[in-house]
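J.: Letter by letter, the chains look like this.
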Amino acid sequence: MLSPVDDARATFEGLLAPVLDRAYATARRLTRNDADAEDLVQEAALLAYRGFKTFRHGSNFAAWFLRILMNAFLSSRRKHRAEDAAVSLDDVPNAYMQRQAHELVRGDAVPDGLGGGDVALGTLDKLEREQIEAAIDRLPEEFRVASALYFLQDLSYQDIAGMLGIPIGTVRSRLHRGRALLQQALWQVALDNGLVPGKQP
Amino acid sequence: MKPRLSCAETFRHLDDYLDRELAAADTEAVEEHLQACADCSGEFAVERELLERIRAKLAGVKVPDTLRARIAALLARE
Chain A
46 MLSPVDDARA TFEGLLAPVL DRAYATARRL TRNDADAEDL VQEAALLAYR GFKTFRHGSN
106 FAAWFLRILM NAFLSSRRKH RAEDAAVSLD DVPNAYMQRQ AHELVRGDAV PDGLGGGDVA
166 LGTLDKLERE QIEAAIDRLP EEFRVASALY FLQDLSYQDI AGMLGIPIGT VRSRLHRGRA
226 LLQQALWQVA LDNGLVPGKQ P
Chain B
3 MKPRLSCAET FRHLDDYLDR ELAAADTEAV EEHLQACADC SGEFAVEREL LERIRAKLAG
63 VKVPDTLRAR IAALLARE
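So the protein lines, in turn, are chains A and B. Residues in the first sequence are numbered from 46 upward in steps of one, following this note's numbering. Residues in the second sequence are numbered from 3 upward in steps of one, following this note's numbering.
Calculated directly from the structure, the hints in this document are not laboratory data. Values in this document were obtained by computation on a predicted structure and should not be read as measured data. Yeah, the Cβ is synthetic: ideal placement off N, Cα and C, and Gly gets one too. Some clues are possibly wrong.
Calculated cross-link-like contacts (lysine to aspartate or glutamate; reagent style EDC-like; alpha-carbon spacing at most 20 Å) [what the hints assert, rightly or not]:
(1) B/Lys59 / A/Glu173
(2) B/Lys59 / A/Glu88
(3) A/Lys98 / B/Glu80
Derived CB-CB ranges, DEER-like [what the hints assert, rightly or not]:
(4) B/Ser8 / A/Thr56: 50 to 58 Å
(5) A/Arg101 / B/Arg55: 47 to 55 Å
(6) A/Leu119 / B/Ala58: 23 to 31 Å
(7) B/Glu11 / A/Ile211: 21 to 29 Å
Please construct the entire structure, taking both the sequences and the accompanying hints into account.
T.: Next comes the structure, spelled out in structure tokens:
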């Protein structure tokens, strides 16, 4: 028979196991570094275990653990603020890849029968996960963090606002802008690698 | 009956609509336009699909077994 301590640990580990993949994927985008991501997840697991008594059983463990992970990340960021790559502040329109693809189609640059949507989706499909990750990593931090939470966790604007301690309007703006900047970056990667139909590098 | 929103107005709501963060009245107006406009409907569908495919590609990461083991060992020591 398990002792109460072993029982609590088994319960905790049972809840933690299914959320670790997504937590680690999120941590990799937050820290932009696999070793730091591992440290962050490890620290969050330890903090979560130590605070397990505060977890309301039956509530959303994944969200609770993510909050602990985010707090640990934000805490460490306050100590070691990394430099962000310079990014143009010019407004990038939404649905960037589609707009570029439609321009190509209108300019008769792509094979017949392919519409702008096909070109945009087909181009994205040729990109490797690592290329998408690298593009997210090059975003300024506020957009990178919002994008990581958007793409890797199923969170509302309100959830993200609560995690980051910022207004919902700011979340909205960072997500929209972040996605536009990401699409712009992905389109450029695709162009550079000759992956866009009708466009040679 | 002419939809309440133009294509440009509808497209301005794209991100909020895909995030399910539009107010009910605006959602209704967007959906009314999408039902009437095949071009916008197609573009919204492509945008949704683009974001889903990015999400799917990023989700393929697995936590290393070494990290799982390290965490288990740390918890056992607590």
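J.: Which earlier hints can't be squared with this structure?
T.: Hints 2, 5 contradicted; others consistent.
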